[in-house]
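Colleague: Given next are the chains, with one letter for each unit.
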Amino acid sequence: MNTFFATMIFLILVNNIFLLAFRRPLLIRFVAFQGLCLSALLFSADHLLLAFAVLIIKGILLPWLLLRTHQRLPFNAKIKPHLPLGLGVLAGMVGLIFSLWLEAQLQILPGLYPPLLLATGLTTLFCGLILVVGRRTALAQVMGYLVAENGIFVLGIPLMTANSAWFELALLLDIFVAVFVMGIAINHIVETFESIDVDGFRSLRD
Amino acid sequence: MLEALLVLPLATGLVMLLVGNASFCRILLPLTAFVHTILSLTIATDIAQGKQLVGLMGLMAPDGLGVLFLVLASILFLAASIYAVGYLREEEQIEERTCIQTGRPFTNAPERRFTACLCFFLAAMTLVTTTHHMGALWVGIEVTTLSSAPLIYFHRHRPSLEATWKYLIICSVGIALALLGTILLTVAFYAPESAHQMDSMNQLDWYLEHAQTGAAPWLKTAFIFLLVGYGTKMGLAPLHNWLPDAHSQAPSLVSALLSGALLNCALLGILRGHQIMLAAELGDFSGDLLIFFGLLSLLTAAVFIVGQGHYKRLLAYSSVEHMGILALGIGIGGIATQGAMLHAVCHSLTKCMLFLLAGNILTRYHTFSSHDVRGLRWTMPVTGALWTIGFLAIAGSPPFGIFVSEFLILKGIFSTGHSWLAAVYLTALAVIFVGMSLAVLRMVQGNRPHDMSQDGREALWSVLPPMVLAIAVFCLGLWIPDWLWSFLRKGAALVGG
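Chains as they are written, first to last, in our numbering: chain A, 1 to 206; chain B, 1001 to 1497.
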């Protein structure tokens, strides 16, 4: 593992805590930063085509799409999250400690996962799930989904081969379309509910 | 020919988006469905004869299990597309639409987008049912979510938007966990010298061949994530929250496809994992998990069906019940798995029929409440009769196919010696029967509402597809053709049946 690779892993790990500590629009910038780090990680692992695709999709296109949606919101009232930001960070730290513990416990084939990569992937996944559950706005939930997926992507990096590049590209395209569709849905939510607070979704209950 | 199966709906969808003419799309939709059904049946015949078909450089390699779900999806799509022709024509004629729940006016999404998404949805299901690559299967299931979300939001009002959002977020996050399961599966089999072989298009067969070399703890963890991920999409309790909302708010023909075809595709994702677990001699672990979630789904459905006043939600919870029965049957193994395969066929046909009929009722009565629908037998004689038949079929009454499949699953449970399991299974089925009968019979009986027209005529397009499906379900209860049995056995044999 070279120093650049290790630095990127460290940056992704630290970035997770910032994701949980801030709201929009800073949150979008941290999601973009995570996309850039992911691209750099792939670059240092010699997956050049994928690194380029991740840079375009996760580093530029998706954050731009999220930022555009954010800027088009006709209101920017602060919506209190389900989980207070401090508690969210604490939950992320617990996720990090759990991931480190799990990495130490699991018997993995030597050399498959470089040190800290598994813990980073799992922590990112946890942080994504915390964002989905802990935040109240539809936009933050989309970012949570994106972060969780980034975590899973990190876990898949050591298993990537030249043969599987088509699958990774298909996956990226899928994620892009998913976020695009969610973005359209958010626009409709804004028009219909005049808010992106998902707590307003109460009409469909038993 | 295999490639055509995937390319046809994909190309048709693109043409629909480009051309955009509503009448043209309405002609193209059933035509595509018809050709797709013919192709699926031809492929099923080839598979039944023992031929091995490979397409798209090995990406498509259908087997007995996948083809069973492919043919089901294809037939249901044909029924739904015939129904769609009349449905869309009627929708076009409505000048002012108001939401039943909120009373607010709303518009529909463009029709070409609706029909195109239906075609993309079919293409995604085709990929899921024909591939042996776990990654491609995941991509296919994710595409089903993305292509069906605009279908749920065809009627652009608040409740359907709420349902669409829940569907998108819950299923996308759920399926992301299934992706983690797919990655962990690769970790379980990872060896530096075989990394390239593992990435072959026929990944499933490679896993099955080398199942004994897989690391058991990683395999178990992978299966848990596959079950949670695909289980969310399949509607297994307690991950079913999106299902009643999406099924109740989508246009009825979409609900029919979601319930009859899509849930089977998600089940197939779990079955692929179970296949690998069985080959690795870890079938007890995956089987027990399937039994647990199956039973939990059955009990959850029983709780929510009793007293359920919303008849489309009632059908949705019935889907949760039947997915539970399927998981239970497959978890038990042996003859119960064969029963589960038959159950999948009968449930899909019956549920598609019931949702199409629910659409007819909704169009005439403009209410979701089973308390406000009265005298179906007078106001809509054909729909009323089929609604009653459909209820008897879905509740597992003889002589319908579901009775036979539920009986086979019960026989399988008894053969394992778990009498308590049989008792819980039968109790839940009895409670659900009573709960559903109260709502359904209330709707059929009673007098015609005073403000309703005396004209009981119904359009052919609205009753023909459910009628054909009803005949099929009835026939399957009386006689299962040998070729179908051999097909079901072939499918069941792949997952321990």
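For the record, the hints were derived by calculation from the structure and aren't laboratory data. Any given hint could turn out to be false.
What the simulated footprint calls covered on chain A by chain B, stretch by stretch (three residues with Cβ under 8 Å from a Cβ of chain B suffice, anywhere in the stretch; the number is not a length) [stated by the list, open to error]:
(1) 11-20
(2) 32-41
(3) 46-58
(4) 88-99
(5) 183-192
Covered stretches of chain B (chain A as the covering partner; in silico rule of three or more C-beta atoms under 8 Å from a C-beta of chain A) [unchecked claim]:
(6) 1182-1193
(7) 1224-1231
(8) 1451-1461
(9) 1471-1477
The beta-carbon is built from N, C-alpha and C at its ideal position, and this holds for glycine as well.
Colleague: Next, verify each hint and record whether it holds.
Modeller: Verification of the hints:
1. With 0 residues having a Cβ less than 8 Å from any Cβ of chain B, the region 11-20 of chain A misses the three-residue criterion, and the hint is violated.
2. With 0 residues having a beta carbon nearer than 8 Å to a beta carbon of chain B, the region 32-41 of chain A misses the requirement of three or more and the stated coverage is violated.
3. Counting residues of the region 46-58 of chain A whose CB falls under 8 Å from any CB of chain B gives 0; the rule of at least 3 is not met.
4. Using a Cβ-Cβ cut-off of 8 Å, 0 residues of the region 88-99 of chain A lie near chain B, which falls short of the minimum of three, so the contact claim is violated.
5. Under the rule that three or more residues need a Cβ within less than 8 Å of chain B, the assignment of the region 183-192 of chain A holds, with 4 such residues.
6. Counting residues of the region 1182-1193 of chain B whose CB falls under 8 Å from any CB of chain A gives 6; the rule of at least 3 is met.
7. Look at the region 1224-1231 of chain B against chain A: 0 of its residues bring a Cβ nearer than 8 Å to a Cβ of that chain, fewer than three, so the hint is violated.
8. Evaluation of the coverage hint for the region 1451-1461 of chain B: breached, as 0 residues show C-beta separations to chain A shorter than 8 Å, against a requirement of three.
9. For a cut-off of 8 Å, the count of residues in the region 1471-1477 of chain B with a CB near a CB of chain A stands at 0, and the three-residue condition is violated.
Violated hints, listed in ascending order, are 1, 2, 3, 4, 7, 8 and 9; each of the other numbered hints is respected by the structure.
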